[in-house]
Amino acid sequence: MKVPRLRVLGPAVWRIVEGLGMVLLALLVATTLLQVLSRYVLSKPLDWTEEAARYLFVWVAMLGAGMAARDRVHFFVDLLLERMPPGLVRGVAALTGIVASVFLLAISWAAFELALSNGVQDSPVLTIPMSIPYFAIPVGLALMALFAIGDTVQVIRGSRLRARSGIHEDEEPPLSTAQP
Amino acid sequence: MIPFLFGALVLLLVAGAQVGVALGVVAWLGAMGSGVPTVVVPQRFFTVLDSFPLISAPLFILAGGLMEYGGVSRRLVNFAMALVGPIRGSLGMVVLVSTTMMSGVSGSSTADTVAIGSVTISAMKKRGYPAGLATAIAAASGASASLVPPSIDMIILGSVVNVSIAALFIAGLLPAIVNGLFVMAITYIFALRLGLATEPWTGLTGILKAGREASLPLVMPVIILGGILSGVFTPTEAAVVAVLYAFFLAAVVYRELKLRDLPKIAYFTVRTTGVVAIVIAAASAFAWVLTALRIPQHLTAFVVSVTREPWQFLLLVNILLLVLGTFLEAIPIIIIMGPILYPVAQSFGIDPVHFGTIIMANTGVGFIMPPMGVCLYAAMAISGLRLSKILGYLLPYILGLVASLMVITYVPAFSLWLPRLMIGK
Numbered sequence: 012m013k014v015p016r017l018r019v020l021g022p023a024v025w026r027i028v029e030g031l032g033m034v035l036l037a038l039l040v041a042t043t044l045l046q047v048l049s050r051y052v053l054s055k056p057l058d059w060t061e062e063a064a065r066y067l068f069v070w071v072a073m074l075g076a077g078m079a080a081r082d083r084v085h086f087f088v089d090l091l092l093e094r095m096p097p098g099l100v101r102g103v104a105a106l107t108g109i110v111a112s113v114f115l116l117a118i119s120w121a122a123f124e125l126a127l128s129n130g131v132q133d134s135p136v137l138t139i140p141m142s143i144p145y146f147a148i149p150v151g152l153a154l155m156a157l158f159a160i161g162d163t164v165q166v167i168r169g170s171r172l173r174a175r176s177g178i179h180e181d182e183e184p185p186l187s188t189a190q191p
Numbered sequence: 005m006i007p008f009l010f011g012a013l014v015l016l017l018v019a020g021a022q023v024g025v026a027l028g029v030v031a032w033l034g035a036m037g038s039g040v041p042t043v044v045v046p047q048r049f050f051t052v053l054d055s056f057p058l059i060s061a062p063l064f065i066l067a068g069g070l071m072e073y074g075g076v077s078r079r080l081v082n083f084a085m086a087l088v089g090p091i092r093g094s095l096g097m098v099v100l101v102s103t104t105m106m107s108g109v110s111g112s113s114t115a116d117t118v119a120i121g122s123v124t125i126s127a128m129k130k131r132g133y134p135a136g137l138a139t140a141i142a143a144a145s146g147a148s149a150s151l152v153p154p155s156i157d158m159i160i161l162g163s164v165v166n167v168s169i170a171a172l173f174i175a176g177l178l179p180a181i182v183n184g185l186f187v188m189a190i191t192y193i194f195a196l197r198l199g200l201a202t203e204p205w206t207g208l209t210g211i212l213k214a215g216r217e218a219s220l221p222l223v224m225p226v227i228i229l230g231g232i233l234s235g236v237f238t239p240t241e242a243a244v245v246a247v248l249y250a251f252f253l254a255a256v257v258y259r260e261l262k263l264r265d266l267p268k269i270a271y272f273t274v275r276t277t278g279v280v281a282i283v284i285a286a287a288s289a290f291a292w293v294l295t296a297l298r299i300p301q302h303l304t305a306f307v308v309s310v311t312r313e314p315w316q317f318l319l320l321v322n323i324l325l326l327v328l329g330t331f332l333e334a335i336p337i338i339i340i341m342g343p344i345l346y347p348v349a350q351s352f353g354i355d356p357v358h359f360g361t362i363i364m365a366n367t368g369v370g371f372i373m374p375p376m377g378v379c380l381y382a383a384m385a386i387s388g389l390r391l392s393k394i395l396g397y398l399l400p401y402i403l404g405l406v407a408s409l410m411v412i413t414y415v416p417a418f419s420l421w422l423p424r425l426m427i428g429k
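In the order they appear, the protein sequences are chains A and B. Each residue of the first sequence is one higher than the one before, starting from 12 at the first, in my numbering. Each residue of the second sequence is one higher than the one before, starting from 5 at the first, in my numbering.
Calculated directly from the structure, the hints in this document are not laboratory data. Don't take each hint at face value.
With the C-beta cut set under 8 Å, the calculated list includes, among others, these residues of chain A facing chain B [to be verified]:
1. 33
2. 36
3. 64
4. 69
5. 87
6. 92
7. 96
8. 97
9. 98
10. 106
11. 143
Here are the simulated distance ranges between beta carbons [to be verified]:
12. B:226 with A:37: 26 to 36 Å
13. A:120 with B:14: 24 to 34 Å
14. B:327 with A:27: 37 to 47 Å
15. B:166 with A:128: 28 to 38 Å
16. B:213 with A:135: 46 to 56 Å
17. A:137 with B:14: 34 to 44 Å
18. B:216 with A:54: 37 to 47 Å
19. A:54 with B:256: 27 to 37 Å
20. A:128 with B:248: 45 to 55 Å
Yeah, the Cβ is synthetic: ideal placement off N, Cα and C, and Gly gets one too.
Based on the sequences and whatever the hints tell you, model everything.
Set out below in structure tokens:
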């Protein structure tokens, strides 16, 4: 089933999210590599690489979670939904969607407050405010929340049978099947 | 409280909620129900992701992507073909052998299934294999190879239960071969019954030629394992070496990787990392709540009241994990059940490394168990087949891997001989 990609946030925002995710991934690789090199090449290993790599990873992971929400590739089980009558599926999908939306909004807000409250504390080695790595959590969860809400609205309106199914018209083929 | 939480989890999963969201909701409810502030849930998200070993996940995914675009899968398949060509059903065995080799480079069974399946499923269909069988073979090969190090799941297990990741890695090697023999035996039986094709024997020169082509990728597992075992690098550092080596092979040696492929691979890596991370984070939040509810203590008391025999305990563990494996993915099972089961296993005097291998073999079966089997999904995505067309062929492989699990469970030597030999563990 092909469905049009849900438009949540403008393309410019997504270009930033994707670009940031990929740049931070590159930095993550570079930092980890630097850690190995500094231990075996330099006489004195660098002390900041491990902490920097960990914080980069948190950001890569949470931005990736947002991207996965847009591409609808988060794990879920659809085997039983496939066997239910369409009317029931719509009801179930709407309910699940509401639960997911409420939860994701609540946890995004909690994560946002948590990140704010960590602004007063500095990280041990880099001495940057701990809110910088912490903010990855509300950002990623909020992106997921936006898509959960958008999907649920579509399901309730009836423009889609159930949330999170189908392939986008403008999506790249999956990595591997693109290969001959 | 506990039956309610697990009931809600199953209900949400059946209703089609995302696995990470479902785990997060029950963690949230559990925290509310036990009077813990709910902020503990996002706090656990950060605490568990803020981990150096986990960085190996995006790195191994990236290495896999680079190798796939760099033409590594094809060379491994060619080499495996030269090795087992003249056996009946050999192409099916090639899939198992090359997935196992691929698994020695990449850390994710799904990635291995995709990398080899995308090259071999259509080839099997062309040679007259029923499409359902071809899909089942690719999926079962990925599940079978899940015990081959390096493995993101083993890294997660090692970090949640404090068992040496290096020991878990090396312990998986022989059990992976046991798995592989079971899978190949089933493929052979299918081949005899269906009269599947054999491939021409290319002789020793053929093996040497294909082997030379595949030799560079095959060096990589040696570098990764050797480096970790000798203490030269941590699993995470080994993963970055794998990225570097994969890039070198793909871009410099084979020259099949194009510059415009890099953003695609990076995008895929970031997104897949996100999928894995949400499940890890939400599962740890749920596991934290279960610990706060003193589940490990209750479970230990219950199990001890049922049996004092280690073999009965292991049987119970296997049944429990297989049942969980039907509705949960490997990572949440490892994160939730690992810390709960380990203290109990210890009280029964079971070796922690052997117990780790048992858990991995269980989640390995889960990889092809519907409805949550990720290797099954990966293979289905490649062949585009519905589950009903595969199930008949898949079932023998599931049973085969369960039989292999029993061997791995009750013959500890398979898991413990190599670690004792190589790191004196």
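Okay, the hints, checked on the actual structure:
1. Taking 8 Å as the C-beta cut-off, the interface hint given for residue 33 (chain A) holds, the closest approach to chain B being about 4 Å.
2. Restraint check, residue 36 (chain A) versus chain B: the minimum CB separation of about 5 Å is within 8 Å; hint holds.
3. Taking 8 Å as the C-beta cut-off, the interface hint given for residue 64 (chain A) holds, the closest approach to chain B being about 6 Å.
4. Taking 8 Å as the C-beta contact cut-off toward chain B, the hint placing residue 69 (chain A) at the interface holds, the least distance being around 5 Å.
5. Of the supplied interface hints, the one on residue 87 (chain A) holds, with its beta-carbon coming within about 5 Å of a beta-carbon of chain B, less than 8 Å.
6. Below 8 Å, beta-carbon pairs count as interface contacts, and residue 92 (chain A) has one with chain B at about 5 Å; its hint therefore holds.
7. At a threshold of 8 Å, the smallest CB-CB gap from residue 96 (chain A) to chain B is about 15 Å, leaving the interface hint violated.
8. Hint status for residue 97 (chain A) relative to chain B: violated, with the closest Cβ pair at about 14 Å, above 8 Å.
9. This hint is violated: residue 98 (chain A) has a C-beta 15 Å from the nearest C-beta of chain B, more than the 8 Å allowed.
10. A least Cβ separation of about 7 Å between residue 106 (chain A) and chain B falls short of the 8 Å threshold, and the interface hint therefore holds.
11. With a cut of 8 Å, the hint placing residue 143 (chain A) at the interface with chain B is violated, because the nearest CB-to-CB distance is about 12 Å.
12. The supplied range of 26 to 36 Å is met by residue 226 (chain B) and residue 37 (chain A), whose beta-carbon atoms lie about 27 Å from each other.
13. Range check, residue 120 (chain A) to residue 14 (chain B): about 27 Å between beta-carbon atoms, so the 24 to 34 Å window is met.
14. The hinted range of 37 to 47 Å is satisfied by residue 327 (chain B) and residue 27 (chain A), whose Cβ atoms lie roughly 44 Å apart.
15. Taken as a hint, the range 28 to 38 Å holds for the pair residue 166 (chain B) and residue 128 (chain A), whose Cβ atoms sit roughly 30 Å apart.
16. Evaluation of the 46 to 56 Å hint for residue 213 (chain B) and residue 135 (chain A) yields a pass: the beta carbon distance comes to about 54 Å.
17. Our hint of 34 to 44 Å for residue 137 (chain A) and residue 14 (chain B) holds, since their Cβ atoms are close to 43 Å apart.
18. At about 39 Å, the beta-carbon gap between residue 216 (chain B) and residue 54 (chain A) stays in the expected band of 37 to 47 Å.
19. One distance hint, 27 to 37 Å for the beta-carbon pair residue 54 (chain A) and residue 256 (chain B), holds here, with the actual separation near 30 Å.
20. The hinted window of 45 to 55 Å between residue 128 (chain A) and residue 248 (chain B) is violated, with their beta carbons roughly 39 Å apart.
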